[in-house]
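Residue numbers (mature numbering (1 follows the signal peptide of the UniProt record, and there is no 0)): -27 to -1, 1 to 208.
These aren't lab readings, by the way, just hints derived from the structure by calculation. Keep in mind that the hints are not guaranteed to be accurate.
[Claimed, not checked] Simulated crosslink set (DSS-like; lysine-lysine; CA at most 30 angstroms straight-line): (1) K178 to K102; (2) K123 to K45; (3) K169 to K124; (4) K173 to K124; (5) K123 to K166; (6) K192 to K124; (7) K182 to K166; (8) K123 to K169; (9) K45 to K178; (10) K147 to K169; (11) K169 to K182; (12) K147 to K166; (13) K182 to K147; (14) K166 to K102; (15) K102 to K169; (16) K147 to K124; (17) K192 to K173; (18) K178 to K166; (19) K192 to K147; (20) K102 to K45; (21) K192 to K166; (22) K178 to K147; (23) K192 to K123; (24) K102 to K124.
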Amino acid sequence: MPKPFFIISLLFISLYHLPTAITSVFANEATPTVGQSKSYSFATSNSIEPFFFAHQHRGIQYDLLVAALNQKGIELDHIVFAPNLRALRLVNTQQIDCIINAPADADGLHFTQSLIEYQNALFYLTNSKLEVASIEDLLRYSLSGFQNAKKFLGEEYENMVARHSNYEELSNQKGQVVMLFNGHVEAIVMEEKIFKYYSKLLVGKLDTKQLVTQTNLFKPAPGLSAATTAKSPNK
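Assemble the whole structure, with the sequences as input and the hints as a guide.
In C-alpha coordinates, the structure reads:
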(Lines of atoms letter the chains of each structure in order from A and count residues from 1; the text may use other names and numbers.)
(Lines give C-alpha, C1' and ligand atoms only; values in the text may rest on other atoms or scores of the structure.)
Protein backbone atom coordinates (compact mmCIF):
# COMPACT_ATOMS: atom_id res chain seq x y z
CA MET A 1 0.00 0.00 0.00
CA PRO A 2 1.70 3.25 -1.09
CA LYS A 3 2.21 6.00 1.44
CA PRO A 4 -0.06 9.06 1.04
CA PHE A 5 1.50 11.70 -1.14
CA PHE A 6 2.79 14.82 0.59
CA ILE A 7 0.94 17.90 -0.56
CA ILE A 8 3.21 19.45 -3.16
CA SER A 9 2.73 23.19 -3.11
CA LEU A 10 3.55 23.82 -6.73
CA LEU A 11 2.36 27.32 -7.39
CA PHE A 12 2.05 27.82 -11.12
CA ILE A 13 1.92 31.58 -11.28
CA SER A 14 2.43 34.58 -13.48
CA LEU A 15 5.99 35.80 -13.91
CA TYR A 16 5.05 38.92 -11.97
CA HIS A 17 4.33 36.93 -8.82
CA LEU A 18 7.17 34.43 -9.15
CA PRO A 19 9.73 36.08 -6.80
CA THR A 20 7.22 36.26 -3.93
CA ALA A 21 5.59 32.90 -4.32
CA ILE A 22 8.65 30.82 -5.14
CA THR A 23 9.47 30.62 -1.43
CA SER A 24 6.14 28.85 -0.85
CA VAL A 25 6.76 26.20 -3.46
CA PHE A 26 7.20 22.79 -1.89
CA ALA A 27 6.78 24.46 1.50
CA ASN A 28 6.11 21.12 3.20
CA GLU A 29 9.21 19.46 1.79
CA ALA A 30 12.64 19.60 3.39
CA THR A 31 15.48 20.68 1.12
CA PRO A 32 17.61 17.61 0.28
CA THR A 33 20.92 17.40 2.07
CA VAL A 34 24.27 17.09 0.31
CA GLY A 35 24.42 13.82 -1.57
CA GLN A 36 20.66 13.41 -1.40
CA SER A 37 18.36 14.38 -4.23
CA LYS A 38 14.72 14.01 -5.11
CA SER A 39 13.17 13.85 -8.52
CA TYR A 40 9.59 13.74 -9.69
CA SER A 41 7.92 12.93 -12.97
CA PHE A 42 4.99 14.86 -14.40
CA ALA A 43 2.30 14.35 -17.01
CA THR A 44 0.51 17.10 -18.88
CA SER A 45 -1.41 17.72 -22.09
CA ASN A 46 0.38 17.21 -25.39
CA SER A 47 -1.59 20.11 -26.87
CA ILE A 48 -1.27 23.01 -24.46
CA GLU A 49 1.11 25.45 -26.11
CA PRO A 50 2.21 28.07 -25.03
CA PHE A 51 2.00 26.74 -21.45
CA PHE A 52 4.06 23.66 -22.31
CA PHE A 53 5.63 22.86 -25.66
CA ALA A 54 5.47 19.11 -26.13
CA HIS A 55 8.87 17.46 -26.08
CA GLN A 56 10.63 20.78 -25.66
CA HIS A 57 12.14 22.34 -22.56
CA ARG A 58 10.15 25.55 -22.64
CA GLY A 59 6.75 27.12 -22.05
CA ILE A 60 5.08 29.47 -19.56
CA GLN A 61 4.34 26.76 -16.99
CA TYR A 62 7.44 24.73 -17.79
CA ASP A 63 9.72 27.62 -16.83
CA LEU A 64 7.82 28.17 -13.57
CA LEU A 65 7.87 24.48 -12.75
CA VAL A 66 11.63 24.20 -13.21
CA ALA A 67 12.23 27.34 -11.14
CA ALA A 68 10.03 25.98 -8.35
CA LEU A 69 11.78 22.64 -8.29
CA ASN A 70 15.24 24.18 -8.40
CA GLN A 71 14.38 26.40 -5.44
CA LYS A 72 13.99 23.28 -3.29
CA GLY A 73 16.83 21.30 -4.83
CA ILE A 74 14.42 18.91 -6.53
CA GLU A 75 15.02 17.53 -10.00
CA LEU A 76 12.51 17.31 -12.81
CA ASP A 77 12.82 13.66 -13.75
CA HIS A 78 10.81 13.88 -16.96
CA ILE A 79 7.50 15.07 -18.39
CA VAL A 80 5.14 12.82 -20.30
CA PHE A 81 3.04 14.69 -22.85
CA ALA A 82 -0.24 12.91 -23.42
CA PRO A 83 -3.94 13.56 -24.10
CA ASN A 84 -5.77 14.73 -20.97
CA LEU A 85 -7.44 11.40 -20.24
CA ARG A 86 -4.23 9.40 -20.62
CA ALA A 87 -2.33 11.88 -18.42
CA LEU A 88 -4.92 11.34 -15.70
CA ARG A 89 -4.63 7.55 -16.03
CA LEU A 90 -0.85 7.74 -15.72
CA VAL A 91 -1.02 9.46 -12.35
CA ASN A 92 -3.93 7.33 -11.11
CA THR A 93 -1.98 4.15 -11.89
CA GLN A 94 1.16 5.65 -10.30
CA GLN A 95 3.20 5.43 -13.48
CA ILE A 96 3.80 9.18 -13.07
CA ASP A 97 4.15 11.10 -9.81
CA CYS A 98 2.16 14.25 -10.63
CA ILE A 99 -0.34 15.53 -13.16
CA ILE A 100 -0.33 19.15 -14.27
CA ASN A 101 -3.86 20.54 -14.77
CA ALA A 102 -6.17 18.00 -13.19
CA PRO A 103 -9.98 18.14 -13.09
CA ALA A 104 -11.06 19.51 -9.72
CA ASP A 105 -13.39 16.56 -9.12
CA ALA A 106 -10.82 13.83 -9.82
CA ASP A 107 -11.05 11.18 -7.10
CA GLY A 108 -8.13 9.93 -5.07
CA LEU A 109 -5.80 12.84 -5.79
CA HIS A 110 -4.15 15.40 -3.53
CA PHE A 111 -4.38 18.84 -5.10
CA THR A 112 -1.92 21.70 -4.95
CA GLN A 113 -2.59 25.37 -4.58
CA SER A 114 -2.57 27.37 -7.78
CA LEU A 115 -2.08 31.03 -8.53
CA ILE A 116 -2.39 30.72 -12.29
CA GLU A 117 -5.76 30.99 -13.92
CA TYR A 118 -6.93 29.73 -17.29
CA GLN A 119 -9.55 31.71 -19.16
CA ASN A 120 -11.51 29.14 -21.12
CA ALA A 121 -13.85 30.69 -23.64
CA LEU A 122 -16.11 30.11 -26.62
CA PHE A 123 -14.80 31.11 -30.06
CA TYR A 124 -16.79 31.39 -33.28
CA LEU A 125 -16.46 33.17 -36.61
CA THR A 126 -18.05 36.60 -36.27
CA ASN A 127 -19.75 36.31 -39.66
CA SER A 128 -21.69 33.27 -38.46
CA LYS A 129 -23.60 35.59 -36.10
CA LEU A 130 -24.20 33.00 -33.42
CA GLU A 131 -26.46 34.09 -30.61
CA VAL A 132 -24.85 32.85 -27.41
CA ALA A 133 -25.62 34.38 -24.05
CA SER A 134 -25.46 31.24 -21.94
CA ILE A 135 -24.04 27.73 -21.91
CA GLU A 136 -27.49 26.38 -22.71
CA ASP A 137 -27.48 28.34 -25.99
CA LEU A 138 -24.64 26.13 -27.22
CA LEU A 139 -27.13 23.32 -27.83
CA ARG A 140 -28.12 25.06 -31.07
CA TYR A 141 -24.68 24.91 -32.69
CA SER A 142 -22.08 22.33 -33.63
CA LEU A 143 -19.42 22.47 -30.94
CA SER A 144 -15.92 21.17 -30.30
CA GLY A 145 -14.27 21.16 -26.87
CA PHE A 146 -10.81 20.16 -25.72
CA GLN A 147 -10.50 16.60 -24.41
CA ASN A 148 -12.29 16.06 -21.09
CA ALA A 149 -13.60 19.65 -21.18
CA LYS A 150 -16.82 18.44 -19.58
CA LYS A 151 -14.84 17.67 -16.41
CA PHE A 152 -13.06 21.03 -16.35
CA LEU A 153 -15.82 23.50 -17.20
CA GLY A 154 -18.40 22.92 -14.52
CA GLU A 155 -21.62 21.03 -13.95
CA GLU A 156 -23.76 23.21 -16.23
CA TYR A 157 -21.44 22.59 -19.17
CA GLU A 158 -21.28 18.86 -18.43
CA ASN A 159 -25.06 18.64 -18.34
CA MET A 160 -25.32 20.57 -21.60
CA VAL A 161 -22.92 18.34 -23.54
CA ALA A 162 -24.74 15.24 -22.30
CA ARG A 163 -27.77 16.49 -24.26
CA HIS A 164 -25.88 17.94 -27.24
CA SER A 165 -26.47 16.17 -30.55
CA ASN A 166 -23.40 17.59 -32.33
CA TYR A 167 -20.62 17.83 -29.79
CA GLU A 168 -17.14 16.33 -29.79
CA GLU A 169 -13.94 16.65 -27.78
CA LEU A 170 -10.51 16.64 -29.38
CA SER A 171 -7.13 15.97 -27.80
CA ASN A 172 -5.49 18.09 -30.53
CA GLN A 173 -6.40 21.70 -29.84
CA LYS A 174 -4.68 22.89 -33.00
CA GLY A 175 -7.17 20.67 -34.81
CA GLN A 176 -10.02 22.55 -33.13
CA VAL A 177 -8.74 25.86 -34.49
CA VAL A 178 -8.35 24.39 -37.98
CA MET A 179 -11.92 23.08 -37.87
CA LEU A 180 -13.24 26.50 -36.85
CA PHE A 181 -11.49 28.49 -39.59
CA ASN A 182 -12.36 25.87 -42.21
CA GLY A 183 -16.03 25.96 -41.24
CA HIS A 184 -16.22 22.33 -40.12
CA VAL A 185 -17.61 23.35 -36.73
CA GLU A 186 -19.54 26.45 -35.68
CA ALA A 187 -17.88 27.02 -32.31
CA ILE A 188 -15.00 25.75 -30.22
CA VAL A 189 -14.14 25.90 -26.52
CA MET A 190 -10.56 26.31 -25.35
CA GLU A 191 -8.24 28.48 -23.28
CA GLU A 192 -7.75 31.94 -24.80
CA LYS A 193 -3.92 31.90 -24.86
CA ILE A 194 -3.95 28.51 -26.53
CA PHE A 195 -6.39 29.76 -29.16
CA LYS A 196 -4.24 32.82 -29.87
CA TYR A 197 -1.09 30.72 -30.13
CA TYR A 198 -2.52 28.25 -32.64
CA SER A 199 -4.22 31.01 -34.64
CA LYS A 200 -0.84 32.70 -35.14
CA LEU A 201 0.83 29.39 -35.89
CA LEU A 202 -1.67 28.74 -38.70
CA VAL A 203 -1.22 32.11 -40.44
CA GLY A 204 -0.54 31.46 -44.11
CA LYS A 205 -1.85 27.90 -43.92
CA LEU A 206 -5.54 28.81 -43.79
CA ASP A 207 -7.66 31.94 -43.66
CA THR A 208 -6.99 33.19 -40.14
CA LYS A 209 -7.90 36.76 -41.15
CA GLN A 210 -11.55 35.96 -40.55
CA LEU A 211 -12.90 37.85 -37.55
CA VAL A 212 -13.45 35.70 -34.49
CA THR A 213 -15.75 36.46 -31.57
CA GLN A 214 -14.67 35.37 -28.09
CA THR A 215 -17.36 34.90 -25.45
CA ASN A 216 -16.26 34.24 -21.87
CA LEU A 217 -18.98 31.89 -20.71
CA PHE A 218 -16.73 30.41 -18.03
CA LYS A 219 -15.14 31.81 -14.91
CA PRO A 220 -11.33 31.84 -14.77
CA ALA A 221 -10.19 28.38 -13.68
CA PRO A 222 -7.18 27.51 -11.49
CA GLY A 223 -4.48 25.32 -13.00
CA LEU A 224 -4.55 22.59 -10.38
CA SER A 225 -1.80 20.00 -10.18
CA ALA A 226 -2.24 16.77 -8.25
CA ALA A 227 -0.58 13.53 -7.21
CA THR A 228 -1.38 10.23 -5.52
CA THR A 229 1.84 8.91 -4.03
CA ALA A 230 5.40 9.98 -3.39
CA LYS A 231 8.66 8.25 -4.04
CA SER A 232 10.83 7.90 -0.99
CA PRO A 233 13.78 10.30 -1.16
CA ASN A 234 16.01 7.37 -0.25
CA LYS A 235 15.11 5.39 -3.37
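Structure-based check of all given hints:
1. K178 to K102: 24 angstroms, holds
2. K123 to K45: 35 angstroms, violated
3. K169 to K124: 23 angstroms, holds
4. K173 to K124: Judged against 30 angstroms, a Cα distance of about 28 angstroms means the pair holds.
5. K123 to K166: 19 angstroms, holds
6. K192 to K124: The hint holds at about 14 angstroms.
7. K182 to K166: 17 angstroms, holds
8. K123 to K169: 22 angstroms, holds
9. K45 to K178: 44 angstroms, violated
10. K147 to K169: Between K147 and K169 the Cα gap is close to 10 angstroms, so the pair holds against 30 angstroms.
11. K169 to K182: Holds: K169 and K182 sit about 12 angstroms apart, inside 30 angstroms.
12. K147 to K166: 12 angstroms, holds
13. K182 to K147: 16 angstroms, holds
14. K166 to K102: 23 angstroms, holds
15. K102 to K169: Holds. K102 to K169 sits at ~21 angstroms (cutoff 30 angstroms).
16. K147 to K124: Satisfied, since the Cα-Cα distance of roughly 20 angstroms is no more than 30 angstroms.
17. K192 to K173: 25 angstroms, holds
18. K178 to K166: Holds, at roughly 20 angstroms.
19. K192 to K147: Judged against 30 angstroms, a Cα distance of about 23 angstroms means the pair holds.
20. K102 to K45: Distance of about 51 angstroms is beyond 30 angstroms: violated.
21. K192 to K166: Given that 30 angstroms is the threshold and the Cα spacing comes to 15 angstroms, the pair holds.
22. K178 to K147: 12 angstroms, holds
23. K192 to K123: 14 angstroms, holds
24. K102 to K124: Answer holds: K102 to K124 is near 28 angstroms, not above 30 angstroms.
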